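J.: Chain residues, written in single-letter form:
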Amino acid sequence: MMKKFLSAVAMVGLAACGGSASSGGDGGTDAGVNEAKANAGVKAYINTNLVALKAASVAIQTAAPSTPWNATTDAAAIATMKTEWKKARIAYEHIEGAIAVLFPELDATTDQRYDVFINDKGADLNLFDDVNVTGIHAIERILYSDVIPASVKTFEMGLTGHKVAAFPATAAEATDFKTKLCDRMVKDVQKMTDQFGTLTLDSATAFRGVIGSMGEQIEKLQKAESGEEESRYAQFTLADMRANVAAGKATYALFKPWVLEKGGSAEDTAITAAFSRVDAAYDAITGDALPAVPATWSSASPSATDLMTPFGKLYSALKTEADPMAATSLVTHMGAAADKMGIPKLPE
Amino acid sequence: MKRLASLLVGVLCGCGGIEETPAPEVFIALPRDFQHFQEWATYPLPPNEVAGSPHIAGERTLFINRKPAHGSTQFPVGTIIVKRVNDGSQNFAMVKRGGDYNVQGATNWEWFDLKPATDGVTQIIAWRGITPPSGEMYHGVAGGECNTCHQSARNNDFVQSEPLLLSGF
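Chain order of the listed sequences is A and B. FYI, the numbering for the first sequence is 6 to 353, going by my numbering. FYI, the numbering for the second sequence is 239 to 407, going by my numbering.
Since the hints were derived computationally from the structure, they do not count as laboratory data. A quick note: this is a predicted structure, and the numbers were derived from the prediction, not measured.
The list that follows gives simulated cross-link-like pairs (lysine-lysine, DSS-like), each with its CA atoms no further than 30 Å apart:
| no. | chain 1 | residue 1 | chain 2 | residue 2 |
| --- | --- | --- | --- | --- |
| 1 | B | 353 | A | 48 |
| 2 | A | 350 | B | 353 |
| 3 | A | 42 | B | 353 |
| 4 | A | 126 | A | 59 |
| 5 | A | 261 | B | 353 |
| 6 | A | 350 | B | 321 |
| 7 | A | 324 | B | 353 |
| 8 | A | 261 | A | 324 |
| 9 | A | 254 | B | 353 |
Pairwise CB distance ranges (calculated):
| no. | chain 1 | residue 1 | chain 2 | residue 2 | range |
| --- | --- | --- | --- | --- | --- |
| 10 | A | 60 | B | 358 | 40 to 48 Å |
| 11 | B | 307 | A | 84 | 55 to 63 Å |
| 12 | A | 202 | B | 405 | 32 to 40 Å |
| 13 | A | 290 | B | 276 | 46 to 54 Å |
| 14 | B | 385 | A | 192 | 22 to 30 Å |
Ideal Cβ placement from N, Cα and C applies to all residues, glycine included.
Let the sequences and hints guide you as you build the complete structure.
T.: If you want it as structure tokens, here you go:
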């Protein structure tokens with residue numbers, strides 16, 4: 006779940022009444038055209054992913070057995086649900102940056118982690134219904150309950166109100182999973198889709214959101230340090246993060262013509278190079294799971310030895326690219342591009 | 239889930255045509271919706287209007303994008319109320335979002351913390367939602383909770399300020 010607090014750069018606006026942020030930029034000869042294209046492109050990108058999210062959510066619900074789950078006889082259904090869960094996860098991580106700020110309550114019910122739910126609302130006595138703990142991680146926790154890593158079990162056993170995850174063991178639990186927990190996610194995604202559908206998106210919001218999403222990458226790694234890793238049951242957090250980056254690149258590509266129109270070719274070159282560095286950091290690691298957090302890891306003061314581990318290298322690379330004070334970071338160059346487009350920002 | 243085919247989200251643009259626009263079912267405010275709020279109907283607030291509220295310090299001014307119709311018992315969806323702290327440091331806003339948003343608190347209202355951008359016109363949304371984010375200072379008060387205070391104005395659709403009493407329109 007994305008933090009409700011928006012970083013200072015995450016939500017900025019365009020002038021009212023169709024006035025374009027680009028109107029304050031330099032050198033625009035076709036003011037508003039590229040901005041409008043970016044706007045439409047971002048909107049379409051989000052809509053496409055909402056459709057994918059809905060389809061995967063429905064597919065999970067459809068595949069869910071109505072009888073107590075059996076790991077052997079229901080293997081095909083469970084495999085299908087896991088495949089669809091990963092599709093849902095990727096789709097949501099593609100759009101989380103935009104969706105979470107507009108639908109904070111739906112972001113919570115859809116994407117909040119188990120530990121946050123029970124901390125806020127108390128123990129979840131029925132893991133399979135549609136109250137308290139809900140959403141994609143609630144489904145994940147059940148779906149992958151047979152393969153939850155020991156470290157995750159240990160972390161959660163320390164949570165007040167914790168209840169051990171398991172497949173539905175009774176017909177009532179199986180029915181609840183299918184008709185309540187899964188159904189809640191389908192309905193929440195549909196609500197997002199409905200309300201987003203006719204929203205005239207603020208393109209500057211989307212662009213600054215990409216910048217903010219780099220900070221989210223660091224947050225995901227820090228959560229892993231404390232055991233609160235996001236997709237910890239499926240060991241899919243690295244895939245989540247890759248999806249975040251893919252969304253950032255896709256969104257930037259939509260803004261690129263506007264950046265170039267405003268004379269931002271140098272910024273564009275720098276941004277492209279920075280994304281390549283981020284890609285290289287991810288390409289150095291295989292699989293969907295985060296690399297193991299070193300036993301002595303401290304994000305506040307990581308040792309040289311720990312920084313040489315796969316986790317440390319990824320952390321170091323992302324930390325560098327998310328640093329707004331670093332002259333050559335991705336975030337710095339994105340901020341410069343935003344300035345070129347005339348997107349307002351908070352006073353420093 | 240029914241399709242909200244008639245949803246008119248985002249149609250209010252603050253360009254002066256608001257009065258003629260029918261209230262949407264759901265209104266999701268974006269930064270552009272707060273632009274030029276200083277040109278809306280204005281209500282200076284006396285100090286210490288609401289005892290114990292973080293809003294009471296110093297001079298403040300209320301702005302509303304459209305007044306409710308006479309006899310209204312609720313503010314229509316799409317209503318935006320901005321409270322400017324006149325030292326220029328911060329603006330708060332409440333927006334009638336609708337759609338059963340914030341149903342556990344001030345039903346249908348969303349809270350905003352706005353900060354002026356470098357251009358002096360744009361209002362940047364520092365945060366929005368049902369509650370302030372953890373650790374956020376609410377005009378100097380950590381953890382200030384919008385819903386808690388505004389619950390006491392339930393009979394006025396959760397709007398506290400006396401100049402905005404529904405009975406007065």
